[in-house]
Amino acid sequence: MTSSPCFFLTLLFAQAVALFGQPVIPADDTAVAVINGETVSAAEYTLVMHRQTAPVYSHFKQTRDLDDHRGYWSPASGPDGPLAKLRELTLAELVRIKVYQSEARTRGLMKNIDFASFRTAHEKENARRLAAKARNEVIYGPPQYRLDVYYYILFGDIAYKVEQAMAKELEPAVTGAEIDAFLAAHKEDFNPLSTEDARRRATEVLGLRAAHKKLADLRAAAVTEVRTESLARISPRNDNTTP
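For the sequence shown, our numbering puts the final residue at 243, and the numbers step up evenly by one.
Just so you know, these hints were derived from the structure itself, not from any lab. Where is the CB? At the ideal position from N, CA and C, for every residue including glycine. Incorrect hints may appear among the rest.
Label-pair distances were calculated between CB atoms; the ranges are [as the list claims (entries may be wrong)]:
#1 Pro26 with Leu66: 53 to 61 Å
#2 Pro142 with His212: 27 to 35 Å
#3 Lys111 with Thr195: 41 to 49 Å
#4 Lys124 with Asp189: 41 to 49 Å
Pairs of lysine-lysine, DSS-like flavour, derived with a Cα cap of 30 Å [claimed, not checked]:
#5 Lys187 with Lys168
#6 Lys187 with Lys214
#7 Lys214 with Lys85
Construct the complete structure from the given sequences, taking the supplied hints into account.
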């Protein structure tokens, strides 16, 4: 059975939580960024930011042999320090998320992409699970979803659906020459298939590649605005001590 990207996203995030603990997500609607006209609240930024701490720790351990310490996330570390890197990765991840969400909304896969709507959906899902448990009904997954985990479960599902939908839209643009070249370069992968099935499968793969490229182009073209003063109040922990 083939697992969707949602499964792997959830597994990786669970591993990060085990290492770095459960993030505290404030109920703060203060705007800290705007991406393609979509407002990012302090709450959503904080949730996404905590998911980027692991790669930042890894990067600075590998490149500078730098371990965590009291001033690790201090602004005093400068434009090349951990906090600046964390903000860079967080913004890039939010751009990715908002691009996918916007494409999902355009295709009718999502109605609302603001964080307040997500919080409402999260509360409803947990209420449903709580009621089902009280009725002794079978519940698939945890009795209650944490906010951060549920966020990435939904995003993983939406991202997969957007890629598949976009790939189907782009498949008609795949040329016969592109299919021939792809099959010639991957002969062994298509040996058991008939010519018709091989060409159909090649078209699907090339359509998905085109979708990935289009999404990458949309991310690169995204217009972002960061509210510096609001962002300055957000940190992985209350730690502004100079290293």
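Hint check:
no.: 1; hint: Pro26 with Leu66: 53 to 61 Å; result: 28 Å, violated
no.: 2; hint: Pro142 with His212: 27 to 35 Å; result: 31 Å, holds
no.: 3; hint: Lys111 with Thr195: 41 to 49 Å; result: 43 Å, holds
no.: 4; hint: Lys124 with Asp189: 41 to 49 Å; result: 44 Å, holds
no.: 5; hint: Lys187 with Lys168; result: 24 Å, holds
no.: 6; hint: Lys187 with Lys214; result: 27 Å, holds
no.: 7; hint: Lys214 with Lys85; result: 26 Å, holds
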